[in-house]
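Heads up: the sequence lines are chains E and H, in that order. Count the first sequence with the working numbering and you get residues 1110 to 1467, in order. Count the second sequence with the working numbering and you get residues 421 to 645, in order.
Everything labelled a hint here was simulated from the structure, so no lab data went into it. Mixed in with the good hints there might be a few duds.
Claimed, not checked - Pair by pair, the computed Cβ-Cβ distance ranges are:
hint : chain 1 : residue 1 : chain 2 : residue 2 : range
1    : H       : L616      : E       : N1221     : 56 to 64 Å
2    : H       : R619      : E       : D1384     : 19 to 27 Å
3    : E       : R1394     : H       : D622      : 30 to 38 Å
Claimed, not checked - DSS-like cross-link-like pairs, simulated, lysine-lysine; straight-line CA separation at most 30 Å:
hint : chain 1 : residue 1 : chain 2 : residue 2
4    : H       : K489      : H       : K615
5    : E       : K1390     : H       : K431
6    : E       : K1379     : H       : K620
7    : H       : K431      : E       : K1405
8    : H       : K507      : E       : K1262
9    : E       : K1277     : H       : K620
10   : H       : K591      : E       : K1262
11   : H       : K615      : E       : K1277
In this text the structure is predicted, and so the values were computed from the model without any measurement. Glycine included, C-beta positions come from ideal geometry on N, C-alpha and C.
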Amino acid sequence: MKSLRTRLTLWFALGFAVTIAAFTFLIHTTLKAELEQKTCNKIYPDLPDWKLHGSLTEAEVAEIANRMLWSALLWSAPLVLAAVVGGYWLARQSLRPIASVNRQLQAKNPANLGEPIALPEADYEFRDLLKQLNDLLARLDASFAEMNNYAAKVAHELRTPLAIMRLKVEQAGNRIAPELADELEGELHRLTHVVDQSLLIARAEQGRLTAMRSVFNLSAAVAEVVEDFQLLAAEQDRRLTLNPAAECWASADPRHLRQIAHTLLTNALKHGSGDLTVRVKRERRHAVLLVANRVKPGADTESTLGLGLRVVAALLHLEPDMKFQRRHGQGYHVARLLLPAVEQPKSFHAGPAAGQRT
Amino acid sequence: MRILLAEDEPKVAEHVRAGLIAEGYAVDVAVDGDEAIWLAEENPYDALLLDVMMPCKDGITVVRHLRRKQIMSPVIFITARDDVQDKVRGLDAGADDYLTKPFSISELLARLRAVLRRQRPQSSNLLRVADLELDLIAHEARRAGERIELTRREFALLEFLFQASPKPVSKTAIVEHVWDQHFDSETNVVNVYIKLLRRKIDRPGLQPLIHTVRGVGFALREEKP
Chain E
1110 MKSLRTRLTL
1120 WFALGFAVTI
1130 AAFTFLIHTT
1140 LKAELEQKTC
1150 NKIYPDLPDW
1160 KLHGSLTEAE
1170 VAEIANRMLW
1180 SALLWSAPLV
1190 LAAVVGGYWL
1200 ARQSLRPIAS
1210 VNRQLQAKNP
1220 ANLGEPIALP
1230 EADYEFRDLL
1240 KQLNDLLARL
1250 DASFAEMNNY
1260 AAKVAHELRT
1270 PLAIMRLKVE
1280 QAGNRIAPEL
1290 ADELEGELHR
1300 LTHVVDQSLL
1310 IARAEQGRLT
1320 AMRSVFNLSA
1330 AVAEVVEDFQ
1340 LLAAEQDRRL
1350 TLNPAAECWA
1360 SADPRHLRQI
1370 AHTLLTNALK
1380 HGSGDLTVRV
1390 KRERRHAVLL
1400 VANRVKPGAD
1410 TESTLGLGLR
1420 VVAALLHLEP
1430 DMKFQRRHGQ
1440 GYHVARLLLP
1450 AVEQPKSFHA
1460 GPAAGQRT
Chain H
421 MRILLAEDEP
431 KVAEHVRAGL
441 IAEGYAVDVA
451 VDGDEAIWLA
461 EENPYDALLL
471 DVMMPCKDGI
481 TVVRHLRRKQ
491 IMSPVIFITA
501 RDDVQDKVRG
511 LDAGADDYLT
521 KPFSISELLA
531 RLRAVLRRQR
541 PQSSNLLRVA
551 DLELDLIAHE
561 ARRAGERIEL
571 TRREFALLEF
581 LFQASPKPVS
591 KTAIVEHVWD
601 QHFDSETNVV
611 NVYIKLLRRK
621 IDRPGLQPLI
631 HTVRGVGFAL
641 REEKP
């Protein structure tokens, strides 16, 4: 049996039932023995030679003993039922601290890792366990912060040598082979991007980024992002189709939405093949952004979290109302971002359309 | 041109951002003073639009901090405070202009063009290389008197090439000044846009003006045959 609460309830009820059964058996046996030995003697004063001996027949003894047995069974049934209910209540009360600790642990994220688990009415047995758990969390928090700070410091320290190398390559552009200069610049650029992304992740995980939620048109925001990617897809002889809902209003930080949409589209271009579909739609209480693409043959779709998706995960920590889902199957990869949908605000004037010509 | 907008009021930030993007600027938004400092230290912005009253650090503290770090990008303060003393304090801290709320986007854009113009050797809103002209106010490009249709991004890229002309600019510099922070610079987006621009500007029969400088990047200049 998997549930400790059910097990405790059954043990309690079973213990109670066994006690009642044993007690009933004892009374039944004793009563039967007593009745079998019970005799009555009657003396008649007028007739001194006369003495009347009497006792219960076996059938009478059995009937009295059975009546007692049935009566005991009749009363013990509701008592056992009460014991089940009582046992359940007691088990629930006893396990409440565990449920509370479980809830608090589930709510843990990098931002609140160091906050201790609180159990104000914890029993003595739990207090020691709680202390060990909170000490462990504090140590984890310290390690996590140290690792984060270290990653941020390393990323930050890398910026200066990267800037110097970039200047040197630019200055030496006409003295070294152009192909080499191109390649060096490309690699430096890539490294700078990795450093930037790492700094962004570190900042988000340190809780130093703020979400500025507002109501915005998801269709327009996505169309703005998609513009460049349509050109990039065309360059690879692929087609990026955007199917936006006419207007789909959402509440979130539009900067985070743009960053996540950029990351999803970049991943779809880099790691996918064939045409890409971007869809914006309303699903009940959610405004949904969907990015679908074919998976490159032989690609590892369950690979470890890449830098781009680490950025997505870090930003999602800041946006608890946003949900991110990924699905693979039948050669396709589908990423879905769900944002809280809202009705269009009456006073809102839409911004300029994406792709507007100057 | 890439702009940092620091504004803690979401609606104002989105409207100003939309207005700037419509003009072809790449825009990053910060919601408090700390984030503004972080972004300004990490990215090479052409101009900063800072709200004075912001959480964490106010705009004046942000400008003082950036100037101490030798980040000299032009700064325009956006604020609801129209007291003369406030304006003096802001300008003395190192800002280049001061705009009081409420303001119109066209006024903000005009002031932005003005502070950007001061950074350029040619202090005109009409840039010219050979027979190619770029009108920064009308947002028009003309080659040999003929109007060229450009998207916002193409216009921004051409403007950046104009600013550097005749010197070449690297792909990294182009990405940093024409795209915002979200863009994944690992893509070959610069090459794609340069190809599009060439198709529109260096049409067959015309002298090529956009040149690939191997090992450096791209340059907009007239090369004598």
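Item checked: Restraint status (C-alpha distance of K591 (chain H) to K1262 (chain E) at most 30 Å) -> Judged against 30 Å, a Cα distance of about 27 Å means the pair holds.
Check: Holds or violated: are the alpha carbons of K489 (chain H) and K615 (chain H) at most 30 Å from each other?
Finding: Violated, at about 38 Å.
Notebook entry, point to check: When you check the alpha-carbon spacing of K431 (chain H) and K1405 (chain E), does it fall within 30 Å?
Noted result: Violated. K431 (chain H) to K1405 (chain E) sits at ~41 Å, over the 30 Å cutoff.
Check: Has the given pair, K507 (chain H) with K1262 (chain E), been kept, meaning a C-alpha gap of at most 30 Å?
Finding: violated (37 Å)
Notebook entry, point to check: Holds or violated: are the alpha carbons of K1277 (chain E) and K620 (chain H) at most 30 Å from each other?
Noted result: Distance of about 33 Å is beyond 30 Å: violated.
Notebook entry, point to check: Is it true that the CA of K1390 (chain E) sits at most 30 Å from the CA of K431 (chain H)?
Noted result: holds (23 Å)
Check: Is 30 to 38 Å a correct range for the gap between the Cβ atoms of R1394 (chain E) and D622 (chain H)?
Finding: Violated: the Cβ-Cβ distance is about 52 Å, outside 30 to 38 Å.
Next item on the list: Hint says 56 to 64 Å; check whether the CB-CB distance for L616 (chain H) and N1221 (chain E) agrees.
Entry: violated (48 Å)
Next item on the list: For the pair supplied as a hint, K615 (chain H) and K1277 (chain E), confirm whether the alpha-carbon distance does not exceed 30 Å.
Entry: holds (27 Å)
Notebook entry, point to check: Is the Cα-Cα distance between K1379 (chain E) and K620 (chain H) 30 Å or less?
Noted result: Since the Cα atoms of K1379 (chain E) and K620 (chain H) sit roughly 28 Å apart, the hinted pair holds (cutoff 30 Å).
Checklist line | Beta-carbon spacing of R619 (chain H) to D1384 (chain E) - inside the hinted bounds 19 to 27 Å or not | finding: holds (24 Å)
Going through the hint list in order, the structure does not satisfy hints 1, 3, 4, 7, 8, 9.
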